[in-house]
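Order-wise, the sequence lines are chains A and B. To convert, count from 1 in the first sequence and add 249; that's the numbering used here. To convert, count from 1 in the second sequence and add 1; that's the numbering used here.
Calculated from the structure, these hints are not laboratory results. A quick note: this is a predicted structure, and the numbers were derived from the prediction, not measured. A hint or two may mislead.
Output of the computed footprint for chain B on chain A, the stretches with three or more beta carbons under 8 Å from beta carbons of chain B [said to hold, decoys possible]:
#1 291-304
#2 311-320
Ranges between beta-carbon positions, derived for each pair [to be verified]:
#3 Pro344(A) x Gln100(B): 35 to 43 Å
#4 Gly93(B) x Ala253(A): 14 to 22 Å
#5 Glu363(A) x Lys139(B): 21 to 29 Å
Which chain B residues stay away from chain A? Per the calculated CB distances, all over 10 Å, these [as the list claims (entries may be wrong)]:
#6 Leu5
#7 Phe16
#8 Ile33
#9 Ala37
#10 Glu49
#11 Thr66
#12 Glu75
#13 Leu88
#14 Lys135
Virtual Cβ for every residue (Gly too), placed ideally from N, Cα, C.
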Amino acid sequence: MKLADIRDTLHAQVIVGNDKLDLSVKAGTGSDLMSDMLTGPTSGAVLLTGLCNVQVVRTSVVAGVVAVVLVRGKQPAPEMVTQARKHGLPLLSTPFTMFSACGRLFDKGLRGVEEKASRS
Amino acid sequence: MAHLTRSFEIKARDFSRAGEVSIEVQGILKTIGFEADCVRRASICAYESEMNVVMHGGDGELSLTVDPENILLEVEDHGPGIENIELALQEGYSTATIQYREMGFGAGMGLPNIKKNADFFEIHSQKGQGVHLKVGFKVDGDNG
Chain A
250 MKLADIRDTL HAQVIVGNDK LDLSVKAGTG SDLMSDMLTG PTSGAVLLTG LCNVQVVRTS
310 VVAGVVAVVL VRGKQPAPEM VTQARKHGLP LLSTPFTMFS ACGRLFDKGL RGVEEKASRS
Chain B
2 MAHLTRSFEI KARDFSRAGE VSIEVQGILK TIGFEADCVR RASICAYESE MNVVMHGGDG
62 ELSLTVDPEN ILLEVEDHGP GIENIELALQ EGYSTATIQY REMGFGAGMG LPNIKKNADF
122 FEIHSQKGQG VHLKVGFKVD GDNG
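Could you put the whole structure together from the sequences, leaning on the hints where they help?
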């Protein structure tokens, strides 16, 4: 799935990454727990999260997450936007809740990291 | 690629930079061209230990040493230390404050996750004397 498809499916606003809409996303994951992001395969995945802070960006970079979507229409603080830009990490915001956002992407064929993400 | 040694300062409680050292380490390892799984495991261990120093430790240092067969990370801090290492290595055991949990950390998975991802793991600490962590990774294949 392309990042553009995720934007459309989630009616999302692209805050960072308008130049990366062609990016391929292998899988999806939803978590507010950054510790969990570091314990499983997440490379190439999009992260849906209700957590809205700078550490989400840095954890995503380390975990190989390729894009972050904030759920419930959350808006990142300027520092989070700056960091996402600095690390080239697309950052989106969707009005949907976590459950609905995950469901919509699943319905379009995106699958979880346990099936689709890699460890590399 | 022959040998490389780099050291980075980690400041306790400095959340404006927390994780930046590990991202730099990840970049160095990627540039050298190590196999992706190895870079991932080393980067995750660097990040978990960097966050540990920022959240629980005192000011410290992360050293990266690379040779054609190994990646070695040494993280040392001058904080309060760990009183019971066995307990800290148990999954789910955490001393994190609510503030850290709100940031998405403090699940008690840090040290166990470091141990799981590393090929070599050694930790020394005493109350009041900081923590000295050494983790190593065997490099597979020919990376120059």
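So which of the earlier hints does this model not fit? Per hint list: 3, 4, 7, 9 and 10 violated.
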